Amino acid sequence: MSDITVPVAEAALRPGAWSFRLSVAACAMGIIVLAASVAAVLVWGVGVWGNNIPHVWGFDLIAYAWWIGIANAASLFASILVLRRHGLRTAVNRFAEAAALAAILAAGFYPILHLGRAWLFYWTLSYPSYTGLWPQFGSALVWDFWGIMSHIIVTSLFWYIGLIPDLATMRDRAAMAGRTTLARAYGLLALGWRGSVAHWHRHQAAYRMVAALVLPLLLWAQTVVALEFATTVVPAWHQARLPLHVIVTGLPSGLGIVLALAAVLRVALSLERFIDDKDMDLLGQLVACAALAAGLAYAHELLVGFLEEDPTTRAALAARVLGDGATAYWGAVLLVALLPQLLWSATLRRHALATVPIGLLAAAGVWLDRWSIVVDGLLRPHLPSMSRGYSPSLAEWGLLGGTIALFGLVLLLFGRVIPAVSMYETRHEESEAEAEEEER
Amino acid sequence: MSHPPAFGIMAEFTEGDALTGAVRAARAAGWTRLEAYSPYPLPEAAEALGVSAAPVGYIALAAGAVGAAISAGAAWYVSVHLYPVNVGGRPPNAWPVFMPTTYLVGILWACAAALIGMLTLNRLPRLNHPAFFARGFNRATEDRFFLFLSVEDPLYEADEASHFLRSLSPLRVTEVRST
Chain A
28 MSDITVPVAE AALRPGAWSF RLSVAACAMG IIVLAASVAA VLVWGVGVWG
78 NNIPHVWGFD LIAYAWWIGI ANAASLFASI LVLRRHGLRT AVNRFAEAAA
128 LAAILAAGFY PILHLGRAWL FYWTLSYPSY TGLWPQFGSA LVWDFWGIMS
178 HIIVTSLFWY IGLIPDLATM RDRAAMAGRT TLARAYGLLA LGWRGSVAHW
228 HRHQAAYRMV AALVLPLLLW AQTVVALEFA TTVVPAWHQA RLPLHVIVTG
278 LPSGLGIVLA LAAVLRVALS LERFIDDKDM DLLGQLVACA ALAAGLAYAH
328 ELLVGFLEED PTTRAALAAR VLGDGATAYW GAVLLVALLP QLLWSATLRR
378 HALATVPIGL LAAAGVWLDR WSIVVDGLLR PHLPSMSRGY SPSLAEWGLL
428 GGTIALFGLV LLLFGRVIPA VSMYETRHEE SEAEAEEEER
Chain B
9 MSHPPAFGIM AEFTEGDALT GAVRAARAAG WTRLEAYSPY PLPEAAEALG
59 VSAAPVGYIA LAAGAVGAAI SAGAAWYVSV HLYPVNVGGR PPNAWPVFMP
109 TTYLVGILWA CAAALIGMLT LNRLPRLNHP AFFARGFNRA TEDRFFLFLS
159 VEDPLYEADE ASHFLRSLSP LRVTEVRST
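So the protein lines, in turn, are chains A and B. The opening position of the first sequence corresponds to residue 28 in my numbering, with each subsequent residue numbered one higher. The opening position of the second sequence corresponds to residue 9 in my numbering, with each subsequent residue numbered one higher.
Honestly, I wouldn't trust all of these hints.
[Stated by the list, open to error] Away from chain B, derived, C-beta distances all over 10 Å, residues of chain A:
1. I180
2. R300
3. A342
[Stated by the list, open to error] Selected chain A positions facing chain B (Cβ under 8 Å, derived; list incomplete):
4. R221
5. P243
6. A391
[Claimed, not checked] From the derived model, a few chain A residues whose C-beta atoms are all more than 12 Å from chain B:
7. A44
8. A53
9. L140
10. S153
11. H228
12. R268
13. V291
14. F333
15. L334
16. R341
17. A381
18. L439
19. R443
20. V444
If you're looking for bench data, these hints aren't it; they were derived computationally from the structure. On a predicted model such as this, the values are computed, not experimentally measured, just so you know. Backbone N, C-alpha and C define an ideal beta-carbon position, used for all residues, glycine too.
From just these sequences and the hints, can you work out the full model?
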């Protein structure tokens, strides 16, 4: 059975190919852009962004909601696979969890930077200070602080708990290859894991426990952003359906990224045996289903908006759907709901040249949807104001590009130093398959 | 004596079912200080060893409840006593708005406790363990299954332990020493 461990472990232990180095170099350049964009905000303040009344939320909230959507869909997917003990978990769980973690790291930049004085973010913590000032627990800002922190910590824990046994495998593989320093590094992170049957038993309980706890956290993380919109009196936002809309349309982004990653990883790390055609079929169908659900959300939005609501809301929706916002709105519908329907075709979903663009475009489409809500939702505000409109500045584009590079870099490094496929889950599943065959 | 004292004796198996069977046989023969190693979870063997995973869940749930209570209590104390703010005549103890943080902190504590509780019950992390001295033990994280009988077991007698393990038809039986 060492034919399971060897290819996965070797993918992490062998030196990087030129394509890997090139990708890391590209992402590292993006990190420089990120650093410059962050520095610009810290030095000159949020005035370097295009935000202004009434557009107080521009790129920062679009990107935040977008990244959280990606993280949520990827975590939701991973935790449901773990809880259902689904066969697909062996292939995609590990990097779905890694993608969720990387997306949250990228998302974390925005709420802190949009505070204006980012270095004072700790004011949202409850701590005794000489000013005698305490945060108000009725404030959505305080909820956000705890929400984002819990999200980052819980997602990291979920990923790490599942990783401990595989880190022990890496420790032993590296030791056998004579790479002592590397073996020590893996060994420290593996916490002395020795594969005791009793330890496994408790480990699995803890892993499933955290997977179950991730679910209620995810619903919260996405709805709190949507609720912040829904509690305003802006006609396009003041809707009870908004939290559901944001959750449902968020799914194709995270699942699309997982699909694209699966297609890239199986080729780049030669893991075709672990992420086989059947896994790609399931994933492709799942993305198509999520797109269908998003399509229903759009249909519901149009039906409810145009048939039932009052004239003010109808005018706001008409401006988004038929007026100046039409490009973003219909672009989102096309990329999120319609294009992924191509994945019902079995030939297409097995080709990386089809799945990678469809997955990434679904994620891009969700970004357009967030733009449509955040920016175009203000085409008809509740007050006739002298709106200058909103156009993002270079610093905002730099921040968006920079966080995408960060996401890429984190995933590239994960792919290199950590087994991209859960090795023990694969061993477990293959042993069960063997047992079933023997019974027949 | 140039040899350090033995920690125990280790039998190596190639199949998970063989290990499960060996654990059952050892328990039936009255061995109490034994440990089994596998490259993936073997719930049946864990059951045969009499290990229960339930305490991990209890620890997580208890920690979640404590975390939630601390968060709700802190929100109440801050809003009612330390810094009451009158917002349009609303009462300072507006408990529904304390619930979001209570819920989040409860989940956070439960997750952290699941990891810490699991590690504590497993007596991890530790830097070393006698089992790592066993021959070929690095394959316990790959494709081999091991059964370890400790010298601390009252039944332990080097020859008898070795004889017993050999009766389970393992791949090999070795004494575990720190050499």
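Evaluated hints:
1. I180: 6 Å, violated
2. R300: 16 Å, holds
3. A342: 30 Å, holds
4. R221: 5 Å, holds
5. P243: Given a least distance of 7 Å, the restraint on P243(A) holds.
6. A391: Where the cut-off is 8 Å and the nearest Cβ of chain B is about 30 Å from A391(A), the hint is violated.
7. A44: 25 Å, holds
8. A53: 35 Å, holds
9. L140: With a cut-off of 12 Å, L140(A) remains clear of chain B, as the shortest Cβ separation is near 22 Å.
10. S153: Since the minimum Cβ distance to chain B is about 6 Å, S153(A) lies within 12 Å and the statement is violated.
11. H228: Incorrect as stated: the minimum Cβ-Cβ distance to chain B is 4 Å, not above 12 Å.
12. R268: 20 Å, holds
13. V291: With a cut-off of 12 Å, V291(A) remains clear of chain B, as the shortest Cβ separation is near 27 Å.
14. F333: 33 Å, holds
15. L334: 33 Å, holds
16. R341: The assertion about R341(A) holds, with a minimum of 31 Å to chain B.
17. A381: Holds: least Cβ distance 34 Å, greater than 12 Å.
18. L439: Since the minimum Cβ distance to chain B is about 25 Å, L439(A) lies beyond 12 Å and the statement holds.
19. R443: Nearest chain B Cβ is 20 Å from R443(A), so the label holds.
20. V444: At about 17 Å from chain B, V444(A) clears the 12 Å cut-off, so the statement holds.
In this structure, the hints that do not hold are numbers 1, 6, 10, 11, in rising order.
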